[in-house]
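Those protein sequences? They're chains A and B, same order as listed.
Heads up: the first sequence begins at 1 in our numbering, then just goes up one per residue.
Heads up: the second sequence begins at 1 in our numbering, then just goes up one per residue.
Rather than coming from a laboratory, the hints here were simulated on the basis of the structure.
Mixed in with the good hints, there may be bad ones.
Claimed, not checked - One-sided excerpt, in silico: chain A residues whose CB lies under 7 Å from chain B:
1. I39
2. I41
3. K64
4. K65
5. Y69
6. S71
7. K73
8. A75
9. D79
10. L80
11. F88
12. G91
13. I92
Yeah, the Cβ is synthetic: ideal placement off N, Cα and C, and Gly gets one too.
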Amino acid sequence: MFGDFTAVNAITFQVKKGEIFGFLGANGAGKTTAMKMLIGISNPTSGKANVAGFNVFTNAEDIKKNIGYMSQKFALYDDLTVKENINFFGGIYGLSRKRITEKSSALIEELGLEKTANKLVGSLPLGWKQKLSFSVSLLHDPKIVFLDEPTGGVDPITRRQFWEMIYKAANQGTTVFVTTHYMDEAEYCDRVSIMVNGTIEALDTPKKLKERFKTDTMNDVFLKLARG
Amino acid sequence: MKRFIGFIKKEYYHIFRDRRSLFILFGMPIAQIMLFGFAITNEINNVDIAILDHSKDADTKEIIHKISASKYFSINQLIEKESDIETIFKKGKVKAVLSFENDFSKNLNKEHKTTIQIITDATDPNTANTISNYVNAILTQYQKELNKDVTIAYQIIPQTRMVYNPELKSVYMFVPGVMTIILMLVSAMMTSISITREKELGTMEVLLVSPLKPFQVIVGKVFPYIFLSIINAVIIVMLSIFIFKMPIQGSLFLLALESILFITSALALGILISTISATQQTAMMISLMGLMLPVILLSGFIFPISSMPLPLQLISNIIPAKWFIIIIKGIMLKGVGFQFIWKETLILVGMTVFFIGLSVKKYKIRLE
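All chains, full assembly: derive it from the sequences and hints.
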């Protein structure tokens, strides 16, 4: 609740393990607020919610250990090198030094960042930063990872690569909870929910939603819903 | 603990990779203490004066000699006519003109009375005042020498002693003030900027989603600045001892404890500022306008509180810096022990607790 305005009103949904769950909605529909409630930086006024098996109200600390989060803003430190960023975030999640070193070299190799590992993150192109940021959010092997509009401002090729990374994480059993307003990305999700004015208006697989609204693209589904 | 060390390391990178913050942290204290110590001074030294001597006799020569021999004045010019006085002031270099009347010695010897005019350039009232006092002192001295053999019937002889700073060095007054400003600057402004930076960049959110508790995040952000503030305090004290030869009369240990108390209150203020500002710019403006100006103007650092209008005197009471300046002036200059400053310390403790409480509360509200 923000004053008298209810940003998110009694939404109900379940996400399965290893699923890519798309959380769609226009700007201001309440996506980010709902996500913030789930990751424990906003408190819902009422309701019941479990994340990774833990109650949002009573076990927020356990949730934090088991989730990864990538915020809308690019949230690594520009004035730290790639390695320093990895070390720092690994460290605050309590990973051992050995584990961090292993993870760090695996991650750097996977992203092809060997040459830039000791360069400041600020000097990397945005697409790389975003991929790095996603990898960092997976550093502690979370059960579920929350991505808040992860591909904003990124070129189509990098977006494509980014989604490949998302698939890979999901295949390894990580649940992916992703908000976006790119409707083509919605097609990549296992299931999507569409929020309008703080409530969930539709929740199903992209295929079924398109059948229900008798259109060929998620874009049209979204437009029909958003316009009421 | 390992997490904490990682956090400190990160802050260290932030601070040492940013030239701006490095400059504020280490350039400013040294620059300020040097500026206040050397450049900004209430003392006068080698002030240029001009002489208009209508008489040119033994007594005027002797007085002129005494004046030019003192380190306060240097005689820039000897002028011949009254109308030159204004021209010379307009040129700006000469700050005072001494004008001896006609027949100075004759009047002095015959009528036991003569006059000398001291004309000062009062565009800078403080300097003008000081010049006239110094000239008066030299004249009084000369008069005494003349009256050596005469006993005056009634005499009041003022014996002035300037205690705690006998040479009236202005650096004695500036060191405590500068130290207060620097500690305020480093502790409050730098922490508020560094916390709001994380908010602005979005990394604060990521930190709050991590298993770190909000409390740990804040302590991690603040801790390096406690350390840096203490280093700064040490640098300032060292500079004042070794460069300005200002002795620290009181206990260094007490000074350190009181400084840590003040640093804590400033840090709490910094956290408070960071909770109400969304951007680094705002944090900096609030720190400068809301903290630095009152510290400079209302703390008694430069302008004595007792000569302020009553409303300002009342306001000065809520400025932590005022109490800290009283405390450290006491310790540094007068060498007082805790029994003389416990009241001020208590007020400072009260303020610190209040600010910490308020910032914790504000911070919690922000989180929700």
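Outcome of the hint check:
no.: 1; hint: I39; verdict: holds (5 Å)
no.: 2; hint: I41; verdict: holds (5 Å)
no.: 3; hint: K64; verdict: holds (5 Å)
no.: 4; hint: K65; verdict: holds (5 Å)
no.: 5; hint: Y69; verdict: holds (4 Å)
no.: 6; hint: S71; verdict: holds (5 Å)
no.: 7; hint: K73; verdict: holds (3 Å)
no.: 8; hint: A75; verdict: holds (4 Å)
no.: 9; hint: D79; verdict: holds (5 Å)
no.: 10; hint: L80; verdict: holds (5 Å)
no.: 11; hint: F88; verdict: holds (5 Å)
no.: 12; hint: G91; verdict: holds (3 Å)
no.: 13; hint: I92; verdict: holds (5 Å)
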